[in-house]
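Novice: These are the residues of each chain, in order.
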Amino acid sequence: MATATLTLLRSSVVKKAIMGLTGLGLSGFVLAHMTGNLLIFKGAQAYNTYGHQLTHNPAYPLIAIGLLALMGIHFVCGITLTWENKRARTQGYAVDAADQKAASLASRTMAGTGSILAVFIVLHLITFKYGTLYTITHDGVEMRDLHRLVIEVFQSPVYVAWYCFSLALLGFHLKHGFAAAFQSIGFGHPKWSAHIKCLAVVYALIVALGFISQPLYVYLVHR
Amino acid sequence: MNLTLKVWRQKSDKDKGRFVEYKLNDVSPDVSFLEMLDVLNQDIIHQGHDPIAFDHDCREGICGSCSMVINGSAHGPDKATTTCQLHMRRFKDGEVIHVEPFRAKAFPIHKDLMVDRSAFDRIQQAGGYVSVNTGNAPDANAIPVSKEYSDMAFDAAACIGCGACVASCKNASAMLFVSAKVSHLSLLPQGAPEKHERVLKMVAQMDKEGFGNCTVTGACEAACPKEITLENIARMNREFLGGFAVKRK
Numbered sequence: 000m001a002t003a004t005l006t007l008l009r010s011s012v013v014k015k016a017i018m019g020l021t022g023l024g025l026s027g028f029v030l031a032h033m034t035g036n037l038l039i040f041k042g043a044q045a046y047n048t049y050g051h052q053l054t055h056n057p058a059y060p061l062i063a064i065g066l067l068a069l070m071g072i073h074f075v076c077g078i079t080l081t082w083e084n085k086r087a088r089t090q091g092y093a094v095d096a097a098d099q100k101a102a103s104l105a106s107r108t109m110a111g112t113g114s115i116l117a118v119f120i121v122l123h124l125i126t127f128k129y130g131t132l133y134t135i136t137h138d139g140v141e142m143r144d145l146h147r148l149v150i151e152v153f154q155s156p157v158y159v160a161w162y163c164f165s166l167a168l169l170g171f172h173l174k175h176g177f178a179a180a181f182q183s184i185g186f187g188h189p190k191w192s193a194h195i196k197c198l199a200v201v202y203a204l205i206v207a208l209g210f211i212s213q214p215l216y217v218y219l220v221h222r
Numbered sequence: 000m001n002l003t004l005k006v007w008r009q010k011s012d013k014d015k016g017r018f019v020e021y022k023l024n025d026v027s028p029d030v031s032f033l034e035m036l037d038v039l040n041q042d043i044i045h046q047g048h049d050p051i052a053f054d055h056d057c058r059e060g061i062c063g064s065c066s067m068v069i070n071g072s073a074h075g076p077d078k079a080t081t082t083c084q085l086h087m088r089r090f091k092d093g094e095v096i097h098v099e100p101f102r103a104k105a106f107p108i109h110k111d112l113m114v115d116r117s118a119f120d121r122i123q124q125a126g127g128y129v130s131v132n133t134g135n136a137p138d139a140n141a142i143p144v145s146k147e148y149s150d151m152a153f154d155a156a157a158c159i160g161c162g163a164c165v166a167s168c169k170n171a172s173a174m175l176f177v178s179a180k181v182s183h184l185s186l187l188p189q190g191a192p193e194k195h196e197r198v199l200k201m202v203a204q205m206d207k208e209g210f211g212n213c214t215v216t217g218a219c220e221a222a223c224p225k226e227i228t229l230e231n232i233a234r235m236n237r238e239f240l241g242g243f244a245v246k247r248k
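Quick note, the sequences are listed as chains Z and W, same order.
Everything in the first sequence is counted per numbering that gives the first Met the number 0, starting at 0 for the first residue and increasing by one.
Everything in the second sequence is counted per numbering that gives the first Met the number 0, starting at 0 for the first residue and increasing by one.
Rather than coming from a laboratory, the hints here were simulated on the basis of the structure.
For every residue, glycine included, the Cβ atom is placed at its ideal position computed from N, Cα and C.
Please note: incorrect hints may appear among the correct ones.
As the list claims (entries may be wrong) - Footprint (simulated), chain W over chain Z, 3 or more residues, beta carbon under 8 Å: (1) 39-45; (2) 64-73; (3) 105-113; (4) 182-190.
Pulled out of the complex, with its shape left as it was, chain Z reads as follows (with noise of 0.2 Å):
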């Protein structure tokens, strides 16, 4: 029974539905993520104040090494099922379908825009997470002042562009990745999965559009 079982484990259906649920948690989080970088507009202390009682909850390194999971198994399932792909077609077509039975670029690009993200959010830890550690007082609470590091670090116009691009490729992967998700847990349905697809769009949108407005907030307005 147990071979069994990890052989099902194995099969291309599961591993897709493993993609798009460990894909709709991060989903989640990047949407709870770019929330809480809006407070940069409300100023340093709500800000870091923000960042403080996040990182002092009780459940902060529970939820840490849970994201942490989610990101990993998204990663290796990816690479999996990206490997296994390629090896399925080993030799390609000269010529491109074009118009009405071409695949959206967004939908064929998903490795691709997947791998540079992974790098991104490497470097973004090492950055932020891992950057300088500077400290201020808000009424009375000595905490880290993540905030004069954000500030730093926007001043400089690559790091802007490279922030701009990489999340403005993470809307992109999340417009086909969110509504691919549901699809591939088994919920598509003529009737809703239009709604869906729309929805992704609007999600993504939100979520690119409110992450590139912090660092372009920092570059353009505090110089």
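Keeping the supplied structure of chain Z fixed, place chain W upon it in accordance with the hints.
Specialist: Frame of chain Z; chain W shown alone:
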């Protein structure tokens, strides 16, 4: 019409294969793509060469034999059309047309444009059937079937198993084909009792054959001559995950 054809020629599955260029003059816009190839093959035979091998049978869009990828699209540029139903008037005078076989590791090339699609047969044999006890034929109307479900099952059953879904998918995934077969049987009361067992077996065989995974690009749906929809893949996923959850051994 004058056309330039670049046709994939490959002697056997061992051969590397290459494009060979053919110039065609005075092609009637009213002939089908396969008839145009017939004319070309006559010329090739008269010149003492080996004609282009391609699959065909009914030539009325229902058998699923004809294959080939025309200018990057399985069954050519038209929607809901098999290669045999594609007419030369769809092309422009002077156009260069690339003709290639369906490309997938699970569909090895026999010769030129002919591929071995027996992987589909093995998937069907793994579970794409309904177990029926022998005896008197039951009354045709004894089992109620709703109109909605009968229509959905019929739409799925329209799949002719041509393999255009595999050919057009960037991952050479067979999920549209398998999901059509799964849906066609599971939506009807006669097929429903075995639906979990069926989907588990068919998906296992599909994976074993070396097809890729679905990334929901929708290329299969766009290429399908019988307009099988992605909804079927969602149903297959649902039934597979359900079957996986309730499976006892």
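Novice: Evaluate each hint against the coordinates.
Specialist: Comparing the hints with the structure gives:
1. Coverage of the stretch 39-45 of chain Z by chain W is violated [criterion: at least 3 residues with CB-CB distance below 8 Å; count 0].
2. Counting residues of the stretch 64-73 of chain Z whose C-beta sits closer than 8 Å to any C-beta of chain W gives 0, which falls short of three, so the coverage hint is violated.
3. Figure legend: the stretch 105-113 of chain Z, annotated as covered by chain W; annotation consistent (3 residues with Cβ-Cβ distances under 8 Å, at least 3 required).
4. For the stretch 182-190 of chain Z, the proposed coverage by chain W is satisfied: 8 residues have a C-beta within less than 8 Å of a C-beta in that chain, meeting the threshold of three.
Against the hints set out earlier in the document, violations occur for numbers 1 and 2.
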